[in-house]
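Chemist: Protein chains in written order, with the working numbering: chain V, 1 to 205; chain B, 1 to 425.
Don't read these hints as lab results, they were simulated from the structure. Because the structure is a prediction, the values reported are computed rather than measured. Be aware that one or more of the hints could be misleading.
Stated by the list, open to error - Residues of chain V placed beyond 12 Å of chain B at every Cβ, according to the derived structure:
#	residue
1	Ala12
2	Glu67
3	Asn79
4	Glu143
To be verified - A few chain V residues that face chain B, going by a derived Cβ cut-off under 10 Å, partial list only:
#	residue
5	Pro34
6	Tyr37
7	Val60
8	Gly114
9	Asp134
What the hints assert, rightly or not - With a Cα cut of at most 25 Å, we get these calculated BS3-like pairs of lysine-lysine:
#	chain 1	residue 1	chain 2	residue 2
10	B	Lys23	V	Lys23
11	V	Lys23	V	Lys7
12	V	Lys23	V	Lys78
13	V	Lys78	B	Lys164
14	B	Lys70	B	Lys191
15	B	Lys343	B	Lys184
16	B	Lys343	B	Lys47
17	B	Lys149	V	Lys23
18	B	Lys298	B	Lys189
19	B	Lys74	B	Lys184
20	B	Lys164	V	Lys76
21	V	Lys7	V	Lys78
22	B	Lys189	B	Lys8
23	B	Lys23	B	Lys139
24	B	Lys343	V	Lys76
25	V	Lys78	V	Lys118
26	V	Lys7	B	Lys184
27	B	Lys149	B	Lys184
28	V	Lys113	B	Lys356
29	B	Lys189	B	Lys74
30	V	Lys76	B	Lys47
31	B	Lys298	B	Lys164
32	B	Lys23	B	Lys47
33	B	Lys139	B	Lys149
34	B	Lys191	B	Lys343
35	V	Lys7	V	Lys113
36	B	Lys139	B	Lys164
37	V	Lys23	B	Lys191
38	V	Lys23	B	Lys139
39	V	Lys151	V	Lys118
40	V	Lys23	B	Lys343
C-beta atoms are modelled at their ideal positions from N, C-alpha and C, and glycine is treated no differently.
Here's the letter readout for the chains.
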Amino acid sequence: MTAEYSKQNIIAELTAPIAEITKCYPTQRSAIMPALYLAQDTYGFLDEIAYLAISEILDVPEIWVFELASFYTLYKNKNMGKCHLQICTNVPCMLRGAYDMLEHLQTRLGINKGETSKDGLFTLSTVECIGSCDVAPAMMVNETYHTKLSKQSIDQLLDQLTQAETESLATDILSLTQNKSSENNKPLANKQPLTKSEPTTGQES
Amino acid sequence: MSELVLLKHITHPDSTDIEYYEKNGGYQGLRQVLSDYSPDQVIETIKTSSLRGRGGAGFPTGLKWSFVPKDDGKIHYLCCNADEGEPGTFKDRLLMERDPHRVIEGMIIAAYAIQSQVAYIYIRGEYGLSIEQISQAIKAAYARGYLGKNISGSSFCLDIYIHKGAGAYICGEETALLESIEGKRGQPKLKPPFPAVSGLYGCPTVVNNVETLACVAHIFARGVDWFTAIGPEDAPGPRLFGLSGRLQNPGIYELPMGLSLRELVFDYGGGPLTGQFKAVIPGGLSAPMIPLAGLDVKMNFADLAAADSMMGSAAVIALDETTSIPTVGRRIAEFFSHESCGKCAPCREGLHWASKILNRIESGQGRPGDLEQLQVICGGVFNNSFCALGVGASWALRATLKHFSHEYDALITQQTIPIRDRTRP
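Start from the sequences, fold in the hints, and give me the full structure.
Modeler: Pasting the structure below:
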């Protein structure tokens, strides 16, 4: 983004795409959630300036915007690291060692969950079930799923992401963490009775 | 079951392409519905199939559709609940990522049955690839005339939109889901009125799970007789069981209901990772765990209910002898506490309270009386929550206390710190 971050600029930039969104709904209010996503995807985070801009674009009370941004956990109210690591610690992942992996991540990155590394590259969070229970423990890095985590695979991944950063390969980080490179393009052996079977959902790159 | 149906095309590299889907019989059921069936006949067919919802509650699908008023002059809505969030559940994600047209076809048929011209699919925000695949499938379906105006030459018109969730487990509850589409916080509403009468934007609305709608598409492709021949009479049809936790072969298994939990975790799951199973959670984290001695229970709605548990989302989470039940109990309380929408005090305060006590017990600060206190909070506080979230948490937690109180006791009596006399101020 080159323009200054201001309410006027957000309004200028997002009015047209938000108008597209409103066509999907009979009320303006329904478009608030997608509008929040749009602002977050555009600027990386959400704040009062964005709430106000969205409320003006949609002509809805600002509280309607703020109450959603504060209720739903995927809306981020502060600048996140370039790579948002979200490790699942819910029961199926926990049973497969998720807490050990969390500890390893905290040690490696020198941060606690909820924090961002000093270089701004990593934010570490825990997350509730992300639907990768058969290949636990699982973690999302931005939109990419990483499954069957081990200390070794975590080290490899962090090295890869750090390297991409030090070599200023911003596009690399993007391509490493977008949903299209995600797992599951080769999932699922359904098993017949009494046959030995392969683990299901495949591992991604 | 000799032939896989729900998972049949999952592993094929082209399974998400509309050409592949059509070549393998896709959208033929829909075409037949639009040319030969009245909406009422579609509802009757689904009633005859005895299809029950695959999301959690297991409500008969045809019956749900039949509650929508006819010729009331109102707009009707169909919503597909793809906010899969019940811990242990990952089946809908697979269907959307690998067989998205089946879900779309099921949605179109359901929308026709209830005469809805606008449908939403509410997909949880974390499922980026599901959103991508469904979105491409919708585009392809428009291009082929399966969506939009005058579908396949009929007078029926339908638009489908994706509404992306934003990280709230409670939005899997149908009234919360509808609130969320309306642009509000995902907080459940009092029923009645049920959505079929007053749902999205106050209009009659049906909310169906992803797997349920996939089954609808299969029923019209293969016939009711095929469907009812699979599994028990009161719960027929194929079902996706998600196996996870401490067993050898986790994964999705397509099987008829009615087999025993033991078969599921031994014959399919391959048995425990270490030693012996301690207990198995049969239907997602809200379903009360069943101890080893109860594993012969049949996986159907009635038998699981009789065993004080539930079928839920058919997500089977196995716990073996390395598993600490108090830790699982603590995690259950933490999860539901985190996901409480905050609307009602019993759930909001009770779960927070319980999770504090459980954390304390786990970290070596347990006190005599803690378990009794937990029983009171479970049974008398969040069990009285507004929606099923607190109730489910209460059931799940109480099962850990009922079957494994000795594990909690062991943690508490082992304390080395002085135990405060709690009868004094």
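Chemist: To test your reading of the hints: which numbers does this structure violate?
Modeler: 2, 4, 8, 10, 12, 16, 18, 22, 27, 30, 31, 32, 35, 37, 40
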